[in-house]
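Take the sequences, apply the hints, and build the full model.
Number of protein chains: 2
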Amino acid sequence: MYSILKATGSTEEEAAFVSESLIQANLYGVDSHGLANLKPYISAIESGKIKCGAQIKVLQESASTALIDGNWGFGQISCKKATEIAINKAEKNMVGVVGISHCNHIGRLGLYAEMIAKKDMIGLIYAASDPSVAPHGGMKPMFGTNPFSYGFPAGKEQPIIIDFATAAVAEGKIRAALAGGEKIPLGWIIDKNGNPTTNPADLYEPPLPPIQIKILGAQLPIGGYKGFGLAIAVDIIGGALTNTGCDGDVPEFANGTMVQALNIEAFCPLEEYRKRVDKLIRDVKSAPIAPGVKEIMLPGEPETRTREERLKSGIPVPEITWKATLDIAKKYGVDVEGILSK
Amino acid sequence: MYSILKATGSTEEEAAFVSESLIQANLYGVDSHGLANLKPYISAIESGKIKCGAQIKVLQESASTALIDGNWGFGQISCKKATEIAINKAEKNMVGVVGISHCNHIGRLGLYAEMIAKKDMIGLIYAASDPSVAPHGGMKPMFGTNPFSYGFPAGKEQPIIIDFATAAVAEGKIRAALAGGEKIPLGWIIDKNGNPTTNPADLYEPPLPPIQIKILGAQLPIGGYKGFGLAIAVDIIGGALTNTGCDGDVPEFANGTMVQALNIEAFCPLEEYRKRVDKLIRDVKSAPIAPGVKEIMLPGEPETRTREERLKSGIPVPEITWKATLDIAKKYGVDVEGILSK
Numbered sequence: 000m001y002s003i004l005k006a007t008g009s010t011e012e013e014a015a016f017v018s019e020s021l022i023q024a025n026l027y028g029v030d031s032h033g034l035a036n037l038k039p040y041i042s043a044i045e046s047g048k049i050k051c052g053a054q055i056k057v058l059q060e061s062a063s064t065a066l067i068d069g070n071w072g073f074g075q076i077s078c079k080k081a082t083e084i085a086i087n088k089a090e091k092n093m094v095g096v097v098g099i100s101h102c103n104h105i106g107r108l109g110l111y112a113e114m115i116a117k118k119d120m121i122g123l124i125y126a127a128s129d130p131s132v133a134p135h136g137g138m139k140p141m142f143g144t145n146p147f148s149y150g151f152p153a154g155k156e157q158p159i160i161i162d163f164a165t166a167a168v169a170e171g172k173i174r175a176a177l178a179g180g181e182k183i184p185l186g187w188i189i190d191k192n193g194n195p196t197t198n199p200a201d202l203y204e205p206p207l208p209p210i211q212i213k214i215l216g217a218q219l220p221i222g223g224y225k226g227f228g229l230a231i232a233v234d235i236i237g238g239a240l241t242n243t244g245c246d247g248d249v250p251e252f253a254n255g256t257m258v259q260a261l262n263i264e265a266f267c268p269l270e271e272y273r274k275r276v277d278k279l280i281r282d283v284k285s286a287p288i289a290p291g292v293k294e295i296m297l298p299g300e301p302e303t304r305t306r307e308e309r310l311k312s313g314i315p316v317p318e319i320t321w322k323a324t325l326d327i328a329k330k331y332g333v334d335v336e337g338i339l340s341k
Numbered sequence: 000m001y002s003i004l005k006a007t008g009s010t011e012e013e014a015a016f017v018s019e020s021l022i023q024a025n026l027y028g029v030d031s032h033g034l035a036n037l038k039p040y041i042s043a044i045e046s047g048k049i050k051c052g053a054q055i056k057v058l059q060e061s062a063s064t065a066l067i068d069g070n071w072g073f074g075q076i077s078c079k080k081a082t083e084i085a086i087n088k089a090e091k092n093m094v095g096v097v098g099i100s101h102c103n104h105i106g107r108l109g110l111y112a113e114m115i116a117k118k119d120m121i122g123l124i125y126a127a128s129d130p131s132v133a134p135h136g137g138m139k140p141m142f143g144t145n146p147f148s149y150g151f152p153a154g155k156e157q158p159i160i161i162d163f164a165t166a167a168v169a170e171g172k173i174r175a176a177l178a179g180g181e182k183i184p185l186g187w188i189i190d191k192n193g194n195p196t197t198n199p200a201d202l203y204e205p206p207l208p209p210i211q212i213k214i215l216g217a218q219l220p221i222g223g224y225k226g227f228g229l230a231i232a233v234d235i236i237g238g239a240l241t242n243t244g245c246d247g248d249v250p251e252f253a254n255g256t257m258v259q260a261l262n263i264e265a266f267c268p269l270e271e272y273r274k275r276v277d278k279l280i281r282d283v284k285s286a287p288i289a290p291g292v293k294e295i296m297l298p299g300e301p302e303t304r305t306r307e308e309r310l311k312s313g314i315p316v317p318e319i320t321w322k323a324t325l326d327i328a329k330k331y332g333v334d335v336e337g338i339l340s341k
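As you go down the protein sequences, you meet chains A and B in turn. Residues in the first sequence are numbered consecutively from 0, following numbering that gives the first Met the number 0. Residues in the second sequence are numbered consecutively from 0, following numbering that gives the first Met the number 0.
Keep in mind the hints are simulated off the structure, nothing from the lab. A portion of the hints provided could be inaccurate.
It does not matter which identical chain is meant; a pair holds if it fits inside one copy or across any two.
Computed list of lysine-lysine pairs in DSSO-like fashion (alpha-carbon distance at most 30 angstroms, straight line) [claimed, not checked]:
#	residue 1	residue 2
1	311	117
2	38	5
3	293	213
4	91	118
5	213	278
6	278	191
7	91	56
8	293	182
Below, the structure written as structure tokens:
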């Protein structure tokens with residue numbers, strides 16, 4: 000991946016960090032944000048949507064806030080920079096809130112929340128995205144899946160990484176059901192006429208994925224009006240404040256991104272915080288489980304476990320993704336087979 | 000209400016603001032946070048849980064953050080103070096994040112989010128509460144309904160006030176179903192054995208409400224692991240950082256509260272922000288509606304509409320609440336009938 004990105008004109012930093020971001024997502028089992036993104040990224044480079052080597056500029060700044068211009072470089076690089084600035088401000092001034100204009104797809108949000116948690120701070124990331132979710136009671140997609148992510152450091156336990164879309168489910172799960180010929184539960188999507196449906200195909204305009212991914216029906220927000228409220232919050236904070244757009248104006252591929260780092264010591268000694276969160280984690284893990292449940296998993300725990308497994312067993316890559324990768328490699332004269340055989 | 004609170008030893012400010020807070024909640028239709036709270040508040044004053052005239056102290060402070068000690072005064076007064084400090088810091092330093100230790104029940108969160116939105120800033124309130132919600136997959140209540148609230152100012156349109164519990168529904172709705180002899184949908188609660196149930200009585204330990212409100216089963220988080228994640232976020236930010244407690248340690252009646260105000264102009268000109276949010280509101284209101292839906296309501300809109308209706312028609316008060324109010328009035332020698340006849 001690194002070699003392909005380099006061959007398409009990416010800088011050293013871009014090729015290294017973007018490929019790390021995609022591989023990390025695959026390791027965590029979030030395959031929708033992994034290698035499957037390489038082809039769309041390369042297409043975006045080719046069409047000029049992603050500008051390799053873009054310079055990031057600080058547009059305005061205060062002791063605890065900043066707005067930076069990603070200049071349509073890789074979203075991962077813009078968001079890494081925003082995260083570093085937020086951490087730096089929170090180290091000096093207890094809180095850092097940094098927005099990004101002209102920001103491409105940042106990938107898995109948990110990556111940045113984790114970066115902040117590793118610095119013993121609380122991270123919060125909002126990312127407004129292009130429309131696929133209908134407002135509660137509506138039938139037209141007007142909001143992105145608008146994910147957000149919290150990162151909470153712990154003491155001896157693993158940090159808690161909360162990372163989810165404000166849609167009932169990620170679009171990738173609907174596509175997976177379609178590919179597997181399965182029905183989906185009511186409440187995930189509506190068809191083009193606004194009716195509830197269990198047929199994943201009803202979300203898309205033919206030709207169906209994987210040929211094209213074009214939304215015809217709409218995804219539904221998680222928990223009705225509650226998820227609708229969250230989608231609006233992400234849309235305004237991530238999209239409106241950063242000049243990215245909101246309410247259906249977010250361009251395909253862009254993320255209206257806001258990153259917040261909060262210094263724990265602004266409120267309580269770090270050691271006390273760590274003890275409390277460790278206790279919370281242990282109490283949850285040892286709590287009585289409901290009938291039919293194997294164990295209680297903390298947010299981020301299934302992903303961490305998948306990572307451990309995949310570090311041993313490898314990352315399963317679907318045929319179609321692998322073929323696309325080889326095609327790009329060939330196009331850019333990268334000897335993937337040669338690299339793999341080493 | 001004002002007179003009763005005064006008679007129980009509340010200061011002028013306490014009696015005025017707390018009664019305003021309860022009446023506003025009733026006007027907005029959030030009756031669980033209205034007059035129904037007067038009796039528990041008075042009992043808390045009598046038992047020493049709420050200390051009338053408590054002095055609020057700033058425990059630690061930076062340019063953009065503060066931790067204040069509510070000293071177990073009325074939660075409403077503590078949270079009003081925290082909100083004012085957060086607004087003040089955000090005016091000067093673009094962002095203000097203020098936590099409250101020793102904070103009693105703050106009432107309806109939207110009140111404070113609205114205070115911030117009225118100052119043309121974005122408000123965010125977290126309030127950890129005493130346990131009634133099981134972790135996803137668990138069967139023992141370990142988290143509060145842990146509500147949070149966002150306030151977004153608009154331009155010519157009404158501000159967007161998002162205010163909800165991270166439980167599937169507010170506990171008040173389950174109690175209302177019980178009172179009305181109705182079943183509740185699956186997914187709201189589990190019984191004492193961790194099994195899904197549609198019987199609202201299964202949530203409570205007999206004698207059932209309104210005689211006592213003691214949780215025997217558990218409420219469920221909204222949307223499974225997503226709501227569980229939100230409950231944890233509120234627990235740590237609201238509860239752990241403010242020394243209130245988290246993970247089941249939040250005392251009955253207390254709220255682990257964190258208030259954040261974000262200055263819009265740290266990111267974009269206020270006028271542009273206003274135009275975007277007005278457009279979002281109008282687009283949502285005029286969007287095509289799903290079959291069977293009358294209209295799309297923005298978060299906070301049903302409450303605003305109830306307020307308009309109730310300002311004309313009055314607030315319906317259940318017999319039991321009214322009787323409780325009269326009993327307290329009598330106990331403290333307040334001539335409610337006399338006040339009402341004026």
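Of the hints stated earlier, which fail here?
-> none
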